[in-house]
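These protein sequences, in sequence, are chains P and A.
In terms of the working numbering, the first sequence opens at residue 1 and continues consecutively.
In terms of the working numbering, the second sequence opens at residue 1 and continues consecutively.
No lab work stands behind these hints, which were simulated from the structure alone.
Among these hints, one or two may not hold up.
As the list claims (entries may be wrong) - Here are the simulated distance ranges between beta carbons:
hint, chain 1, residue 1, chain 2, residue 2, range
1, A, GLY279, P, GLU156, 28 to 38 angstroms
2, P, LYS109, A, LYS124, 49 to 59 angstroms
3, A, GLU104, P, ARG29, 28 to 38 angstroms
4, A, GLY160, P, GLU156, 19 to 29 angstroms
5, A, GLY279, P, GLN153, 47 to 57 angstroms
6, P, GLU113, A, ASP387, 14 to 24 angstroms
For every residue, glycine included, the Cβ atom is placed at its ideal position computed from N, Cα and C.
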Amino acid sequence: MNKTEEKEYSFSKKSEDRFKELEKKFPQRSSLVLWTLHLVQEDIGYISKPAIEYVAKRVGVSKSWVEGVCTFYSMYNKKPVGKYHLQVCHNVSCWLNGSDKLEETIKEKLNIEHGETTKDGLFTFTHVECLASCGTSPVVQVNNDYHEKMDPQKLEELIEKLKAEV
Amino acid sequence: MSSLEKRILLKDWGKNNCHTIEVYEEEGGYTALKKVLIDEKDKWTSENIIEEVKISGLRGRGGAGFPTGLKWSFIPKDTDKPKYLICNADEGEPGTFKDRVLLEDLPHGFIEGMIIAGIALGSKQGYIYLRGEFYKPWQRVEEAIKDAYNKGYLGDNILGTKHSFHLTTYRGAGAYICGEETALIESLEGKRGHPRLKPPFPAVEGLYKCPTVVNNVETYAAIPHIIINGGKWYANLGQGSEKSGGTKLFSISGHINKPGVYELPMGLPLIDIIEKVTGGIKGDKKLKAVIPGGSSTPILTAQEAKKAIMDYEGMAEAGTFLGSGAVIVLDETTDMVELAYRVAYFYDHESCGQCTPCREGTRWVKNILKRFKDRIGSADDLDTLCDFSEYMSNGATICPFGDAVKMAVIPIVKKFREEFEARIDKTEKVHEKISIGDR
Ligand SMILES: Cc1cc2nc3c(=O)[nH]c(=O)nc-3n(C[C@H](O)[C@H](O)[C@H](O)COP(=O)(O)O)c2cc1C
Ligand code: SF4
Ligand code: FES
């Protein structure tokens, strides 16, 4: 990642409201760490350094605690990702049903490898482990949504559709 | 629908708006709760609820198959600490997708089960831990909880009685190990998902050091039916061993015509499930092997699968486990080396890293299998692999993840050894040895 200064972070209005609700639900505040990181990611798409400090302060745990949690869980993006995060399951059932072809489609069409983002900042591609969609495999998760029973053609169409929406 | 199916938990599945509280109530939902709290309140003491669950023979549907009634009876009665109930909706075992159906389409069933469990155990607070990827299921569960509060099934003074029970959702963030109950508890406390050493068991010291019961979504969903129809009725639904009562949700995927979630009585022959329920193997192919209970359970060859019975005892007899009921069917074209590698890659990725044998061992297992995938394996590698996996199992690690790696990978290598041997490099080129830092 380049070393440009990261922006200060504080909750959006929506996240602030959610946080206040959540505070009432857990007898120990440390339980708020995962939830709060989800809120951050909804706000800015990844967990920035200033956001880690902010979360630590708001929840009342150390910065290293938050950092440790952030790096342990694979869903928290440690650096900015594209507007659309294409996550292709490559576990057993999806593989049996052709997930390799989906990975190839993305690599060819968008010219990116696992973990990379397109230059225009639109798409990031990662392969992920079983998403509990094996009966409707292969599956591609795009941001919060599952796209099931995929094939290369449907995936190409989806990518075109997402491009057109921008 | 195949005549072998027996829909109890799934009885409303597919009806219009089956996820809503209106449809659930119309179809008899929340009557078990009303029975326990109002209509038959003298009969349903805490002890009697637990007793009925014991009679039902219900065993944990998350994978380990521990008797649910017995687990509940471990919760201490004479304590002034709060008691917590957790619903394990992490559903991470590769091949498993049945909890998602309950969460997304039938959320009130397991919510009612949790409320009844809360009453039986004297717990006033429950948490539902969903894997982070389950965004839509999470929204559905949130909506269901809100509706249950509005109707007075959740909250203080449930249905005007002195009982109260609250439910809160929690979202994981992408870590398979958080399905293990003590890792899940750590995660719920806002930490990295590191399994805890046991004892103490969660029943004594779980969430926030308080007595805690963790059950799978499907386990809770069976409770209302057990209350309404009786434990004995539930036990008798099973067709195999007496020790495996009830129905089970099977997630069936792979090379078959009709993959999906099927509710079946315990004790059916595995081959009937493949041929009669899921319409057999796709195309004109032959069966090669079956992973019967999620990717951590030992694989069965076609021959073994043809004799196997799908319940806890039947699977043990076949040398494997019922696990989460995730059946992955493999046809004759399946590349077993690639299969073993995919499985090993998963474990390497998901080891939480606390125990050296597991953290380092999973990496070695994956790297050795990569050599076979690349057709540069050596004869020694196969033996190294089998020896190695011994060091990461049988109590060498904090949680059973280490054992799972051995159970998942080694039987593939042993039962399909010739496919691995065919990938041994016989050109006697000297290949770079794998080093421990190899990632
Ligand atoms: C590595 C590992 C992963 C697990 N993953 C899950 C899971 O995703 N869902 C689940 O319900 N149980 C899972 N379990 C089992 C839980 O530890 C626990 O036994 C279960 O939640 C208890 O509920 P039950 O008795 O109703 O099955 C896992 C266990 C291990 C060792
Ligand atoms: S066995 Fe593996 S997953 Fe389990 S606690 Fe040890 S390192 Fe973590
Ligand atoms: S293997 Fe891809 S969703 Fe389960």
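Hint by hint, here is what the structure shows:
no., hint, in the structure
1, A:GLY279 to P:GLU156: 28 to 38 angstroms, "holds, 30 angstroms"
2, P:LYS109 to A:LYS124: 49 to 59 angstroms, "holds, 53 angstroms"
3, A:GLU104 to P:ARG29: 28 to 38 angstroms, "holds, 31 angstroms"
4, A:GLY160 to P:GLU156: 19 to 29 angstroms, "violated, 58 angstroms"
5, A:GLY279 to P:GLN153: 47 to 57 angstroms, "violated, 25 angstroms"
6, P:GLU113 to A:ASP387: 14 to 24 angstroms, "violated, 35 angstroms"
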